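S.K.: Now for the letters of each chain:
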Amino acid sequence: MKLQRTKAFQTLARPIWGDNPINIQMLGICSALAVTVQLNTAVVMALSMTFVISFSNLIVSLLRKIIPRNIRIIVELSIISSLVILTDEFLKAYYYDISKQLSVFVGLIITNCIVLGRAESFALSNPPHLALMDGVGNGMGYGAVLVAVAFFRELLGFGTLFGFQIIPDGFYAAGYKDAGFMLLAPAAFILIGLFVWLQKYLSGKS
Amino acid sequence: MENLAGIFINSVFAGNILLAYFLGMCSFVAISKNIETAAGLGFAVIFVLTVTAPVNWLIFQFLLAPGALAWAGLPNVDLSFLKFITFIAVIAAMVQAIEMIIDRFSASLYAGLGVFLPLIAVNCAILGVSLFMVERNYDFMETVVYGFGAGVGWFMAIVAMAAIRIKLRYADSPRGLEGYGLTMIVTGLMAMAFMMFSGMAG
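If you read the protein sequences in the order shown, they are chains A and B. Going by the working numbering, the first sequence opens with residue 1, and the numbers climb by one from there. Going by the working numbering, the second sequence opens with residue 207, and the numbers climb by one from there.
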């Protein structure tokens, strides 16, 4: 059996493109956009998210047979919040500057609909290894959109990528100006809208 | 007073919780298909925000903040890392309590808001307001005003969006863009309009 045919691989790959949590399922946009002014915050956010969603999926799936159905939301929320606290403390200890920039948005991973949504709809009814794969896949799908948005916002807004100047000085001398609009909230909404359009167009063709 | 008015105007317009901080997007996109349900959800959000933000403020100031346990003889304890799990538990519990109280005392209000209340527990805007109030060091009155203002801002945004989406049904939008993609772009345009108010809070 080829790698691409295995169930685990498909569970991992599907949310990255075909069933992307942001572009197709429309989940988790809340915290996604505010951290995309710069690439490094977007990457850190994507990694934190992948960590939280993978382990919450894994733990929920391991406990799925003993969680009573009527209090499952509270149980899931406490698992997720504990993971988010871990992430937040880790960032504060080792990447203090980035943690300051992310401000409340790491905490908001708790109410990110992707995490709870995947726990509810996937982890509760699937074995642990598939749940873990699904978590990693969704985290990466989320991260891919975040990084793509951040790429355009930082490049066009500051002329830099990861803080390094990309647009040559000659351009500025010739009258090129950074688009300050890209740094504001509306630009993020519009970029996501355009990404959705692009993805629907591309997947509609094949 | 002037400060409170400033916080209110800022939280409704320039610092709109939805359009400037992107919070509560999930239910915003999902529920903004018609005006009545949008308004129902909007009212529920105002209500829950006005109640949960002050409650979380009290809990944070008297139990979790660094040195907050001084009254219990533990001045060196800093429990602020517990704020995420505490806030979300408080919000879930408050939502549940509000639902039961409304159900008991006002059947008509329950019929209108009841279905939306459980959804609100996981609305990012509610938790976001509680976290922002900690980060910005608001005092008690400021928190009350901020919670209420953020709710009003969210309400205005979702009702306006529902109205625009109804009009958009008759528009001939490009294939692939219609629906979600267009909603995001319209939200972007609305966010621009709300930013124009930023001078008002001054």
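Bear in mind the hints are in silico, worked out from the structure with no lab data behind them. It is possible that some hints are incorrect.
[As the list claims (entries may be wrong)] Calculated pairs, DSSO-like style, for lysine-lysine (alpha carbon to alpha carbon, straight line, at most 30 Å):
(1) A:7 / B:373
(2) A:200 / A:7
(3) B:239 / A:7
(4) A:200 / A:100
(5) B:239 / B:373
(6) A:7 / A:100
For clarity, every value in this text was computed on a predicted model and none was experimentally measured.
S.K.: Decide if the proposed pair is consistent with the structure: residue 239 (chain B) and residue 7 (chain A), CA atoms, cutoff 30 Å inclusive.
M.R.: Violated, at roughly 36 Å.
S.K.: Compare the distance between the alpha carbons of residue 200 (chain A) and residue 7 (chain A) with 30 Å, and conclude whether the hinted pair is satisfied.
M.R.: 25 Å, holds
S.K.: So if I understand the rule, the pair passes when the alpha-carbon distance is 30 Å or less; does residue 7 (chain A) with residue 100 (chain A) pass?
M.R.: It is violated: about 40 Å lies between the C-alpha atoms, which goes past 30 Å.
S.K.: For a C-alpha distance cap of 30 Å, please report whether residue 7 (chain A) and residue 373 (chain B) respect it.
M.R.: Not satisfied, since the Cα-Cα distance of roughly 44 Å exceeds 30 Å.
S.K.: Has the given pair, residue 239 (chain B) with residue 373 (chain B), been kept, meaning a C-alpha gap of at most 30 Å?
M.R.: Roughly 11 Å separates the two Cα atoms, so the pair holds.
S.K.: Taken at face value, is the distance from the CA of residue 100 (chain A) to the CA of residue 200 (chain A) at most 30 Å?
M.R.: 36 Å, violated
In this structure, the earlier hints numbered 1, 3, 4 and 6 are contradicted, and the remaining ones agree with it.
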